[in-house]
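First residue of the sequence shown: 5, per our numbering; consecutive thereafter.
Treat the hints with care, since some could be wrong.
As the list claims (entries may be wrong) - Think about it this way: if two alpha-carbon atoms lie no more than 35 angstroms apart in a straight line, the pair counts; the simulated DSBU-like pairs of lysine-lysine are: (1) K84 <-> K162; (2) K161 <-> K84; (3) K161 <-> K174; (4) K170 <-> K84; (5) K174 <-> K162; (6) K174 <-> K84.
What the hints assert, rightly or not - Distance windows between CB atoms, simulated: (7) N78 <-> T180: 33 to 41 angstroms; (8) L173 <-> F82: 31 to 39 angstroms; (9) R165 <-> C91: 17 to 25 angstroms.
Read the hints as simulated data drawn from the structure, not as lab findings. Backbone N, C-alpha and C fix where the C-beta goes; we use that ideal spot for every residue, glycine too.
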Amino acid sequence: MAVSQKRKRNNAATDDDENEIAELASLPIKKIPRSSLDKTRDILAMRSLPPPSSKGSKEPEDMTPQLARIAASNRTPFEKRVLTALCQIPAGHVSTYGLLSAHLQSSPRAVGGALRRNPFAPQVPCHRVVATGGSLGGFKGKWVTGDGEGITIDEKKKLLRAEGVKIDLKGRVLGTPWSGFE
Numbered sequence: 005m006a007v008s009q010k011r012k013r014n015n016a017a018t019d020d021d022e023n024e025i026a027e028l029a030s031l032p033i034k035k036i037p038r039s040s041l042d043k044t045r046d047i048l049a050m051r052s053l054p055p056p057s058s059k060g061s062k063e064p065e066d067m068t069p070q071l072a073r074i075a076a077s078n079r080t081p082f083e084k085r086v087l088t089a090l091c092q093i094p095a096g097h098v099s100t101y102g103l104l105s106a107h108l109q110s111s112p113r114a115v116g117g118a119l120r121r122n123p124f125a126p127q128v129p130c131h132r133v134v135a136t137g138g139s140l141g142g143f144k145g146k147w148v149t150g151d152g153e154g155i156t157i158d159e160k161k162k163l164l165r166a167e168g169v170k171i172d173l174k175g176r177v178l179g180t181p182w183s184g185f186e
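Build out the structure end to end from the sequences listed, making use of the hints.
Pasting the structure below:
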């Protein structure tokens with residue numbers, strides 16, 4: 005008898021759940037237009053970027069898979085050093101070509117060349133490197149010009165903004181560059 009009472013309770017719960025689901029299914033669904041920034045955030049989320057912590061600061065990224073890809077790649081030893089150093093720059097921060105080159109004891113142009121050939125972008129975050137004055141510099145081998153920025157610089161802006169980096173109306177990154185290379 006106890007078994008049949010359990011079944012009745014389970015069936016009753018199932019009937020209630022089915023009624024609630026049917027009720028929810030009958031509600032109209034609103035289509036909300038999504039901006040390209042929303043799409044960029046979705047893409048970054050799908051690429052396993054960690055969510056911000058409840059305290060408002062970002063959790064450190066686990067760069068182990070990217071470091072393994074870099075080590076196993078056929079890049080030059082210098083390019084591997086540059087790409088490995090990129091993995092230290094936290095999400096939501098930027099560094100500069102100058103700071104990165106000083107850490108690597110190289111030149112900013114050599115660093116820029118290695119970044120241009122980054123086959124692992126955006127998971128290995130070359131978009132987090134900007135010019136010393138705060139301008140976005142280059143991205144995918146293209147540089148900001150006075151007559152328009154082009155799609156690649158717009159892509160760099162979207163990636164940085166999606167990570168929480170502030171960019172002013174003139175296209176300069178706001179804040180102090182990150183310099184905590186080890």
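Earlier hints that do not hold, by number: none
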